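As they're listed, the protein sequences go chains H and S.
Heads up: the first sequence begins at 1 in the UniProt record's numbering, then just goes up one per residue.
Heads up: the second sequence begins at 1 in the UniProt record's numbering, then just goes up one per residue.
Source of the hints: derived by calculation from the structure; they are not laboratory data.
Worth double-checking, as some hints may not be accurate.
If chains are identical, the list can't say which one is meant, so a pair holds when it fits in one copy or spans any two.
[As the list claims (entries may be wrong)] DSS-like cross-link-like pairs, simulated, lysine-lysine; straight-line CA separation at most 25 Å: (1) 131 with 107; (2) 108 with 131; (3) 128 with 107; (4) 108 with 129.
None of these values were measured; they are calculated from a predicted model.
Chain by chain, the residues:
2 protein chains.
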Amino acid sequence: MAEKIEHAIQDEYAEDFAWCYGCGRLNQEGHQFRTGWQGEETVTVYTPKPEHTAIPGFVYGGLIASLVDCHGTGSASLALHRKNGFEPGSGEAPPRFVTASLHVDYKKPTPQGKTLKAVGRIEEIHPKKFKILVDVFAEEELVATGEVQAVVMPASFAK
Amino acid sequence: MAEKIEHAIQDEYAEDFAWCYGCGRLNQEGHQFRTGWQGEETVTVYTPKPEHTAIPGFVYGGLIASLVDCHGTGSASLALHRKNGFEPGSGEAPPRFVTASLHVDYKKPTPQGKTLKAVGRIEEIHPKKFKILVDVFAEEELVATGEVQAVVMPASFAK
Numbered sequence: 001m002a003e004k005i006e007h008a009i010q011d012e013y014a015e016d017f018a019w020c021y022g023c024g025r026l027n028q029e030g031h032q033f034r035t036g037w038q039g040e041e042t043v044t045v046y047t048p049k050p051e052h053t054a055i056p057g058f059v060y061g062g063l064i065a066s067l068v069d070c071h072g073t074g075s076a077s078l079a080l081h082r083k084n085g086f087e088p089g090s091g092e093a094p095p096r097f098v099t100a101s102l103h104v105d106y107k108k109p110t111p112q113g114k115t116l117k118a119v120g121r122i123e124e125i126h127p128k129k130f131k132i133l134v135d136v137f138a139e140e141e142l143v144a145t146g147e148v149q150a151v152v153m154p155a156s157f158a159k
Numbered sequence: 001m002a003e004k005i006e007h008a009i010q011d012e013y014a015e016d017f018a019w020c021y022g023c024g025r026l027n028q029e030g031h032q033f034r035t036g037w038q039g040e041e042t043v044t045v046y047t048p049k050p051e052h053t054a055i056p057g058f059v060y061g062g063l064i065a066s067l068v069d070c071h072g073t074g075s076a077s078l079a080l081h082r083k084n085g086f087e088p089g090s091g092e093a094p095p096r097f098v099t100a101s102l103h104v105d106y107k108k109p110t111p112q113g114k115t116l117k118a119v120g121r122i123e124e125i126h127p128k129k130f131k132i133l134v135d136v137f138a139e140e141e142l143v144a145t146g147e148v149q150a151v152v153m154p155a156s157f158a159k
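All chains should be built: construct the whole structure from the sequences, respecting the hints.
Encoded structure:
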């Protein structure tokens with residue numbers, strides 16, 4: 001089940017934007033989530049670490065929220081990049097999104113020791129804003145659902 | 001501004017329930033959030049670490065989501081504990097809540113290097129379910145708002 005994302009959008013974020021604790025490939029202390037296409041859906045896979053505990057034996061909800069969050073911004077980036085004529089792997093730096101809002105419904109306790117898989121469906125709200133509906137599975141079991149609204153990174157983030 | 005929570009509810013969670021990556025006092029790798037009363041509101045303070053980056057210079061939204069999440073469950077625990085006649089510091093083990101749903105609206109980029117303060121207002125939905133409205137400040141600036149629905153830990157979490 002621990003499928004590999006071949007071409008992840010985060011692999012191609014410009015270096016300045018590749019330090020996210022959730023999904024930055026350059027942040028060695030972070031989760032380094034990687035998000036790619038699977039048909040018209042998007043997928044991120046991640047196996048929580050032993051310390052990502054809620055109650056012993058179960059995964060911390062904040063880790064799931066982080067997964068949904070970065071899966072959302074990555075999915076929005078994939079979608080706008082595709083709309084612009086590019087796929088990850090092309091070497092073209094994709095647009096970078098930030099989260100406007102994040103919602104997670106926890107459906108059942110998430111057992112530790114299983115690989116999590118976030119699956120996203122993307123809807124364009126307007127050219128700079130996307131909504132991503134996310135299902136999170138622990139192996140075959142649906143454990144959480146979420147919704148992310150992601151916007152193209154505003155200039156206020158520039159240093 | 002880095003005010004100290006004197007009596008935090010998490011200080012008194014039973015040992016088996018004190019391993020949360022967000023707020024477990026026994027999880028040395030986690031954030032060890034601590035939540036206490038401030039009048040009728042609840043407060044959690046936390047200074048993000050340098051690696052909790054979104055875009056360099058700004059705090060990772062997943063960390064803010066985690067803060068809102070654990071602030072919510074801690075606030076619900078405080079509220080039910082008080083309803084049961086106890087305050088943190090009494091040595092009585094409080095009820096442990098888990099998150100049913102989490103919502104965060106990111107209002108503006110959160111600068112790094114500032115202490116975050118989550119402030120909660122609590123509403124009882126029914127005896128085992130509480131809603132917590134959360135404002136997150138970076139020093140004086142409101143950077144995010146959130147809502148947590150927290151429920152008394154169901155038996156399905158027991159091992």
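Hint check results:
1. 131 with 107: Close inside one copy (21 Å) and across copies (17 Å); limit 25 Å.
2. 108 with 131: both (24 Å within a copy, 19 Å between copies)
3. 128 with 107: Answer is between: at 17 Å across copies they meet the 25 Å cutoff, but 30 Å inside does not.
4. 108 with 129: between (30 Å within a copy, 16 Å between copies)
Violated hints: none; the structure is consistent with every hint.
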